[in-house]
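This is what each chain is made of:
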Amino acid sequence: DTGVSQDPRHKITKRGQNVTFRCDPISEHNRLYWYRQTLGQGPEFLTYFQNEAQLEKSRLLSDRFSAERPKGSFSTLEIQRTEQGDSAMYLCASSSPASGLDEQFFGPGTRLTVL
Amino acid sequence: GDSVTQMEGPVTLSEEAFLTINCTYTATGYPSLFWYVQYPGEGLQLLLKATKADDKGSNKGFEATYRKETTSFHLEKGSVQVSDSAVYFCALSVRGAQKLVFGQGTRLTINP
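Heads up: the protein sequence lines correspond to chains A and B, in order.
Adding 105 to a residue's 1-based position in the first sequence gives its number in our numbering.
Adding 16 to a residue's 1-based position in the second sequence gives its number in our numbering.
Note that these hints are calculated values from the structure, not bench results.
One thing to keep in mind: the hints can contain errors.
Here are the computed lysine to any residue pairs in the SDA-like style, where the Cα-Cα straight-line distance is at most 25 Å [as the list claims (entries may be wrong)]:
id	chain 1	residue 1	chain 2	residue 2
1	A	Lys162	B	Arg111
2	B	Lys76	B	Val103
3	A	Lys116	B	Tyr46
4	A	Lys116	A	Gln142
5	A	Lys176	A	Ser163
6	A	Lys162	B	Pro56
7	B	Lys93	A	Glu208
8	A	Lys162	B	Tyr46
9	B	Lys76	A	Thr107
10	B	Lys76	A	Asp129
11	A	Lys162	B	Lys93
12	A	Lys162	B	Lys72
13	B	Lys84	B	Thr42
14	A	Lys162	B	Tyr41
15	A	Lys162	B	Lys84
16	B	Lys68	A	Phe210
17	A	Lys162	B	Tyr55
18	B	Lys93	A	Lys176
19	A	Lys116	B	Arg111
20	B	Lys76	A	Pro213
21	B	Lys76	A	Ser163
22	B	Lys72	A	Pro202
23	B	Lys93	A	Gln146
24	A	Lys162	B	Ala43
25	A	Lys162	B	Gln120
26	A	Lys162	B	Gly45
27	B	Lys76	A	Glu208
28	A	Lys116	A	Phe179
29	A	Lys116	B	Gly59
30	B	Lys84	A	Glu208
31	B	Lys72	A	Ser201
32	B	Lys68	B	Gly57
33	B	Lys72	A	Thr107
34	A	Lys162	B	Asp18
35	A	Lys116	B	Gln61
Derived CB-CB ranges, DEER-like [claimed, not checked]:
id	chain 1	residue 1	chain 2	residue 2	range
36	B	Ser30	A	Asn156	47 to 57 Å
37	B	Pro128	A	Thr181	26 to 36 Å
38	B	Glu32	A	Gly121	51 to 61 Å
39	B	Thr28	A	Lys119	16 to 26 Å
40	B	Arg111	A	Thr143	22 to 32 Å
All residues carry an ideal CB built from backbone N, CA and C; glycine is no exception.
Based on the sequences and whatever the hints tell you, model everything.
Quick look at the structure:
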């Protein structure tokens, strides 16, 4: 297992378009997290899943954002009607009871640019 | 709400210099504290952590001590190397809340 993977690594889109990102966590990690990181800032929490259940959503996650983890494995984050303010790095992380639930392992991120 | 404040960067040092990056926090519960590092072109990696007051986390020559009385978790290294050049993030998680709360990051550059 090579760690958390994210796809695509880069996405350029026009304002108003919809985009979808995918995250594959470390095998057997039952918790999966999404964060957003803007230039010069630390990551900000968006949402997290335990297995397939979405247990917490940040107020940053407007109704244009939706995340799913249908089978408790990979997750998708969709942004509808993208705005220039959505340009950021979107990070995925996972954790498991075996490694300590508070120790999160991060993927390389998907960089979104909205023109 | 819960928050983390880090020393502003960028920080530039010469090789073998002593490093301190300050981090203070505000939390409603009893947080676990972390330092994450982001090397150029790579994802965030956990550098070290401490889960209760007076614990010392250490890894790769870096150390940080959980100081409840000063709500601080400063990162230190006695002799930095060029390979330590990266962005360092202090973070916390409050028991019962699964999210990490990050500081804004400190960019460190080590010159040979």
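Consistency of the hints with the structure:
1. Lys162/A <-> Arg111/B: The hint holds at about 17 Å.
2. Lys76/B <-> Val103/B: holds, 15 Å
3. Lys116/A <-> Tyr46/B: violated, 39 Å
4. Lys116/A <-> Gln142/A: holds, 15 Å
5. Lys176/A <-> Ser163/A: holds, 22 Å
6. Lys162/A <-> Pro56/B: violated, 30 Å
7. Lys93/B <-> Glu208/A: holds, 22 Å
8. Lys162/A <-> Tyr46/B: The hint holds at about 22 Å.
9. Lys76/B <-> Thr107/A: holds, 22 Å
10. Lys76/B <-> Asp129/A: It is violated: about 28 Å lies between the C-alpha atoms, which goes past 25 Å.
11. Lys162/A <-> Lys93/B: Measuring from Cα to Cα gives roughly 37 Å; hence the hint is violated.
12. Lys162/A <-> Lys72/B: violated, 32 Å
13. Lys84/B <-> Thr42/B: holds, 10 Å
14. Lys162/A <-> Tyr41/B: Between lysine 162/A and tyrosine 41/B the Cα gap is close to 22 Å, so the pair holds against 25 Å.
15. Lys162/A <-> Lys84/B: Roughly 29 Å between the alpha carbons, so the hint for lysine 162/A and lysine 84/B is violated.
16. Lys68/B <-> Phe210/A: holds, 21 Å
17. Lys162/A <-> Tyr55/B: Judged against 25 Å, a Cα distance of about 29 Å means the pair is violated.
18. Lys93/B <-> Lys176/A: violated, 43 Å
19. Lys116/A <-> Arg111/B: Measuring from Cα to Cα gives roughly 35 Å; hence the hint is violated.
20. Lys76/B <-> Pro213/A: holds, 22 Å
21. Lys76/B <-> Ser163/A: It is violated: about 34 Å lies between the C-alpha atoms, which goes past 25 Å.
22. Lys72/B <-> Pro202/A: Within the cut-off at roughly 22 Å; holds.
23. Lys93/B <-> Gln146/A: holds, 23 Å
24. Lys162/A <-> Ala43/B: holds, 19 Å
25. Lys162/A <-> Gln120/B: holds, 21 Å
26. Lys162/A <-> Gly45/B: holds, 20 Å
27. Lys76/B <-> Glu208/A: holds, 18 Å
28. Lys116/A <-> Phe179/A: holds, 19 Å
29. Lys116/A <-> Gly59/B: Roughly 17 Å between the alpha carbons, so the hint for lysine 116/A and glycine 59/B holds.
30. Lys84/B <-> Glu208/A: holds, 21 Å
31. Lys72/B <-> Ser201/A: Cα-Cα ~23 Å, so holds.
32. Lys68/B <-> Gly57/B: This hinted pair is violated, its Cα atoms lying about 32 Å apart.
33. Lys72/B <-> Thr107/A: violated, 29 Å
34. Lys162/A <-> Asp18/B: holds, 16 Å
35. Lys116/A <-> Gln61/B: Holds, at roughly 23 Å.
36. Ser30/B <-> Asn156/A: 47 to 57 Å: holds, 49 Å
37. Pro128/B <-> Thr181/A: 26 to 36 Å: violated, 44 Å
38. Glu32/B <-> Gly121/A: 51 to 61 Å: holds, 53 Å
39. Thr28/B <-> Lys119/A: 16 to 26 Å: Given about 39 Å between the Cβ atoms, the range is violated.
40. Arg111/B <-> Thr143/A: 22 to 32 Å: holds, 28 Å
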